[in-house]
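All chains should be modelled from the sequences, with the hints used to inform the complete structure.
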Amino acid sequence: MIRVPQKRLFSAAAAVGFAVAGLTVAAAPAASAAPCTDIDVPVARGTGEPGTLGLIVGDPVFSAVQNRLRPRSVSSYRVDYPADLGQPASVQKGNTDLVNHVRTQAAACPSQRFVLVGYSQGANVVDNSIGISSAGAVVGGPIAATIPADLAPRIAAILLFGNPIRAIGRSVTGTYQSRTKDYCALGDPICQAGGFNILAHLSYGGDANDAAAFAAGKV
Numbered sequence: 001m002i003r004v005p006q007k008r009l010f011s012a013a014a015a016v017g018f019a020v021a022g023l024t025v026a027a028a029p030a031a032s033a034a035p036c037t038d039i040d041v042p043v044a045r046g047t048g049e050p051g052t053l054g055l056i057v058g059d060p061v062f063s064a065v066q067n068r069l070r071p072r073s074v075s076s077y078r079v080d081y082p083a084d085l086g087q088p089a090s091v092q093k094g095n096t097d098l099v100n101h102v103r104t105q106a107a108a109c110p111s112q113r114f115v116l117v118g119y120s121q122g123a124n125v126v127d128n129s130i131g132i133s134s135a136g137a138v139v140g141g142p143i144a145a146t147i148p149a150d151l152a153p154r155i156a157a158i159l160l161f162g163n164p165i166r167a168i169g170r171s172v173t174g175t176y177q178s179r180t181k182d183y184c185a186l187g188d189p190i191c192q193a194g195g196f197n198i199l200a201h202l203s204y205g206g207d208a209n210d211a212a213a214f215a216a217g218k219v
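Just so you know, the sequence shown maps onto residues 1 to 219 in my numbering.
Among the hints, a few may not be true.
With beta-carbon atoms standing in for the labels, derived distance ranges [stated by the list, open to error]:
#1 Gly-194 x Thr-104: 36 to 42 Å
#2 Gly-187 x Cys-36: 40 to 46 Å
#3 Pro-148 x Asp-210: 28 to 34 Å
#4 Asp-80 x Ala-135: 31 to 37 Å
#5 Arg-103 x Gly-217: 31 to 37 Å
#6 Thr-104 x Asp-210: 14 to 20 Å
#7 Thr-104 x Pro-82: 31 to 37 Å
#8 Asn-197 x Ala-108: 39 to 45 Å
#9 Gly-187 x Arg-70: 31 to 37 Å
#10 Asn-197 x Cys-36: 40 to 46 Å
#11 Pro-148 x Arg-72: 20 to 26 Å
#12 Leu-186 x Pro-153: 19 to 25 Å
Keep in mind the hints are simulated off the structure, nothing from the lab. Glycine included, every Cβ here is placed at the ideal spot set by N, Cα and C.
Next up, the structure:
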């Protein structure tokens, strides 16, 4: 396993957080999962990320997925968690909320499938929820809950961006590996050990169409 000084990773995460906080976005209506759509897209945003589902990743990715999957109905869900560097249990709160959402939706809508999206700290949320621990990664933590095995076939695709576990030599393996697209921009210090380019961590909106195409191929 690759060892990266935590002080360096947290410094990078803090720098990204300040950069994200400086972004502005027009007010948008709150996202919510509509009952029994064909596809539900829960999104775990990055640290301090503004926007409905996330200005950098969630909003453009959801829009691209929605366009790509027409005429099928697609809903979204903003994972309810702090997305805050200052709260040690932030990831676990998101992890628990995401799993609860999938379980609740799956029970209410037997034919609904899911495309999970996570950016930065939100990628840790998704990692934990599918049983890949983010403990030891920047803004990571131990697993609080996992999506039940009987619901695994209903997870059509997983889209991860700037995933912190990659900087410590981990990746999504096992059940969900073939359904996961994990983006790490060159030089992104959050997901690349030795990365040096903070702006790379803010670049993932450019991958929205590619991510949507991947998801469409799995649905």
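Hint check results:
1. The hint said 36 to 42 Å for the Cβ distance between Gly-194 and Thr-104, and at roughly 41 Å that hint holds.
2. At roughly 42 Å, the beta-carbon separation of Gly-187 and Cys-36 lies within the given 40 to 46 Å, and the hint holds.
3. In this structure the hint that Pro-148 and Asp-210 lie 28 to 34 Å apart at CB holds, the actual value being about 30 Å.
4. The hinted range of 31 to 37 Å is not satisfied by Asp-80 and Ala-135, whose Cβ atoms lie roughly 22 Å apart.
5. Remark: the range hint 31 to 37 Å for Arg-103 to Gly-217 is contradicted by a beta-carbon distance near 26 Å.
6. As the Cβ distance of Thr-104 to Asp-210 is approximately 30 Å, the hint placing it in 14 to 20 Å is violated.
7. Restraint check, Thr-104 to Pro-82: a C-beta distance of roughly 21 Å breaks the suggested window 31 to 37 Å.
8. Taking the beta carbon of each, Asn-197 and Ala-108 are about 43 Å apart, inside 39 to 45 Å as hinted.
9. In this structure the hint that Gly-187 and Arg-70 lie 31 to 37 Å apart at CB holds, the actual value being about 35 Å.
10. About 43 Å separates the C-beta atoms of Asn-197 and Cys-36, a value consistent with the hinted range of 40 to 46 Å.
11. The hinted range of 20 to 26 Å is satisfied by Pro-148 and Arg-72, whose Cβ atoms lie roughly 24 Å apart.
12. The hint said 19 to 25 Å for the Cβ distance between Leu-186 and Pro-153, and at roughly 34 Å that hint is violated.
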